[in-house]
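Residue numbers are given in UniProt numbering: position 17 of the sequence shown equals residue 17, and the series is strictly consecutive.
Bear in mind the hints are in silico, worked out from the structure with no lab data behind them.
One should not assume that every hint holds.
SDA-like cross-link-like pairs, simulated, lysine to any residue; straight-line CA separation at most 25 angstroms [claimed, not checked]:
hint, residue 1, residue 2
1, K71, N178
2, K71, T138
3, K71, Y192
4, K71, F133
5, K71, V81
Simulated restraints, written as ranges between beta carbons of each label pair [stated by the list, open to error]:
hint, residue 1, residue 2, range
6, A31, Y70, 22 to 30 angstroms
7, M95, L23, 46 to 54 angstroms
8, Q12, G164, 19 to 27 angstroms
9, A96, R200, 44 to 52 angstroms
10, R200, E109, 30 to 38 angstroms
11, N131, R101, 36 to 44 angstroms
12, L177, P50, 32 to 40 angstroms
13, R200, I52, 22 to 30 angstroms
Yeah, the Cβ is synthetic: ideal placement off N, Cα and C, and Gly gets one too.
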Amino acid sequence: MNFFEHQDRARQNTQQLIGLFSLSIAVMIMAIYIATLFLFRMAPRIWWHPGIFLYVAGITITAIAIGSLYKIAYLREGGSVIAQELGGRLLIRDMADEQGRQLLNIVEEMAIASGISVPEVYLLERETGINAFAAGFTPNDAVIGVTRGTLQHLNRDELQGVIGHEFSHILNGDMRLNLRLVGLLHGILFIYLTGELLWRIRDSFRLGKEDKGLP
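Generate the whole structure from the sequences, applying the supplied hints.
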């Protein structure tokens, strides 16, 4: 697959993901709307109330937008933020072992061949599986993360193939798309966390009334 074919496939995947995300928001709005009708004891007598629906939709979309923008702004600090959250340790040549130095050499070679600045490399020391990732909004703030298992189980040629694959994500803009999707998903998670908090407050308030003997 050449560069342009990869771009076309990435655009198709993006459209599919946006469609699924829009569908999930619509389902969430309907679920909250129906729950609101039951909360105010309007259902099953009334199933459609435009005012309540618009209110629920507006609140839901606003909450998702706030959660998403917050997460995206946080992730804009660079790929190092993500690597550190995953438990990665910045790999420094003077402090690296033989496997680490080999990894740094490969990353430097691939950066020169790709014509971009050498990204920082993070090692996930406790991860024994074979895995790697590229993270960041632009090639200038991109980092590459590699698990210890990758260094232990792959030879130099295999490791070079893995790193080359991660460089393709940097060059094709896949990282930016992935981080935006993470932000959007965080917006949906924000709705869940807010609902859970309100539910706990409601339970605490109800228990407090029962302890005081209030109706």
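Going through the hints against the structure:
1. Between K71 and N178 the CA atoms are separated by roughly 12 angstroms; this keeps the pair inside 25 angstroms, and the hint holds.
2. Annotation: proposed proximity of K71 to T138 holds, straight-line Cα distance about 17 angstroms (limit 25 angstroms).
3. For the hint pairing K71 with Y192, the CA-to-CA distance comes to about 15 angstroms; that is within 25 angstroms, so the pair holds.
4. With a C-alpha separation of about 19 angstroms, the suggested pair K71 and F133 falls inside the 25 angstroms cut-off, and the hint holds.
5. Distance check on the hinted pair: K71 and V81 sit about 12 angstroms apart at the alpha-carbon level, within 25 angstroms; holds.
6. Checked against the hint of 22 to 30 angstroms, the C-beta distance between A31 and Y70 comes to roughly 23 angstroms, which is consistent with it.
7. For M95 and L23, the Cβ-Cβ distance of about 48 angstroms falls inside the hinted range of 46 to 54 angstroms, so the restraint holds.
8. At about 23 angstroms, the beta-carbon gap between Q12 and G164 stays in the expected band of 19 to 27 angstroms.
9. With their beta carbons about 46 angstroms apart, A96 and R200 fall inside the hinted range of 44 to 52 angstroms.
10. Checked against the hint of 30 to 38 angstroms, the C-beta distance between R200 and E109 comes to roughly 53 angstroms, which is inconsistent with it.
11. At roughly 20 angstroms, the beta carbons of N131 and R101 sit outside the given window of 36 to 44 angstroms.
12. Taken as a hint, the range 32 to 40 angstroms holds for the pair L177 and P50, whose Cβ atoms sit roughly 36 angstroms apart.
13. About 24 angstroms separates the C-beta atoms of R200 and I52, a value consistent with the hinted range of 22 to 30 angstroms.
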